[in-house]
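Novice: Just so you know, we're using the working numbering here: the sequence shown kicks off at -9 and counts up by one.
One thing to keep in mind: the hints can contain errors.
Quick list of in silico lysine-lysine cross-link-like pairs, DSBU-like style, CA-CA up to 35 Å [said to hold, decoys possible]:
{"id": "1", "residue 1": "Lys47", "residue 2": "Lys(-8)"}
{"id": "2", "residue 1": "Lys98", "residue 2": "Lys27"}
{"id": "3", "residue 1": "Lys76", "residue 2": "Lys(-8)"}
{"id": "4", "residue 1": "Lys148", "residue 2": "Lys97"}
{"id": "5", "residue 1": "Lys150", "residue 2": "Lys47"}
{"id": "6", "residue 1": "Lys76", "residue 2": "Lys91"}
{"id": "7", "residue 1": "Lys(-8)", "residue 2": "Lys27"}
{"id": "8", "residue 1": "Lys91", "residue 2": "Lys148"}
{"id": "9", "residue 1": "Lys107", "residue 2": "Lys91"}
Simulated from the structure, these hints should not be mistaken for lab results.
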Amino acid sequence: MKHVVLLGDSIFDNAPYIGNDPEVGSQLQSAIPTGWKSTCLAVDGATTHEMPYQQSKIPSDATHLILSIGGNDALNQIEIFNLPVKDCAEALFALATVTQKFETAYKKVLDDCLAFKLPLVVCTIYNGNFPDQFYQQCVRVAIALYNDVIIRLAAERKLKVIDLRSVCCNPEDYANPIEPSAIGGEKIVQTILQVLEE
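Taking the hints into account, I'd like the entire structure generated from these sequences.
Specialist: Have a look at this one:
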């Protein structure tokens, strides 16, 4: 029996944002093939630094881990958009500094997950759906730096990557600027299943 475990943040634990619609964890449970099961350990608001708690709860019969973490790490650095700088180079250096800290934290999350010796699939951070297009473009550029870390570290470990920027790419995929709707959640679930079946 395959037992798929979801780890991370509100990409999977999106219940507070979608009213009576099913959250991603429930959508996965409903969609998985007969004989499979799933567990959602993801917690809304979680960052890389809070992952040890979720990892301590991974069931002994787990067979696959799906990780989506990092969005809140980026969100916690959002004040960088208001940082006064004298030129573009200084702005890039400030972004490099925060993403280097993220890289250290994300590397530990990956290595701790891999210690379970189970197949691990990681997700990138999506771009969100902000109404202000200037702000949306700023977010897109900043998130690309975080995703570079995720994709590069995953490639070094030969892990499969789900690029959520390509999955949740329409306004209806979002319940608000940063949380997946039930429509987006269904797309995430179908992509997870596709990757697991490959």
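Novice: Under the criterion that the straight-line Cα-Cα distance not exceed 35 Å, is the pair Lys98, Lys27 satisfied?
Specialist: holds, 27 Å
Novice: Verify the proposed pairing of Lys(-8) with Lys27, using a straight-line Cα cut of 35 Å.
Specialist: holds, 6 Å
Novice: Mind checking the alpha carbons of Lys150 and Lys47 for me, to see if they're no more than 35 Å apart?
Specialist: holds, 23 Å
Novice: Regarding the pair Lys148 and Lys97, is the alpha-carbon distance no greater than 35 Å?
Specialist: Measuring from Cα to Cα gives roughly 14 Å; hence the hint holds.
Novice: Would the hint linking Lys76 and Lys91 be met if the CA-CA limit is 35 Å?
Specialist: holds, 23 Å
Novice: Take the C-alpha atoms of Lys47 and Lys(-8), compute the straight-line distance between them, and say whether it is at most 35 Å.
Specialist: The given pair, whose Cα atoms are some 17 Å apart, holds under the 35 Å limit.
Novice: Decide if the proposed pair is consistent with the structure: Lys91 and Lys148, CA atoms, cutoff 35 Å inclusive.
Specialist: At roughly 22 Å apart (the allowed maximum being 35 Å), Lys148 and Lys91 satisfy the hint.
Novice: Within a Cα-Cα threshold of 35 Å, do Lys107 and Lys91 meet the stated pairing?
Specialist: Holds - the C-alpha atoms of Lys91 and Lys107 are around 26 Å apart, at most 35 Å.
Novice: Would the pair Lys76 and Lys(-8) pass a check requiring their Cα atoms to be no farther apart than 35 Å?
Specialist: Not OK: Lys76 and Lys(-8) at ~54 Å, beyond 35 Å, violated.
The structure fails hint 3 only (numbered hints given earlier).
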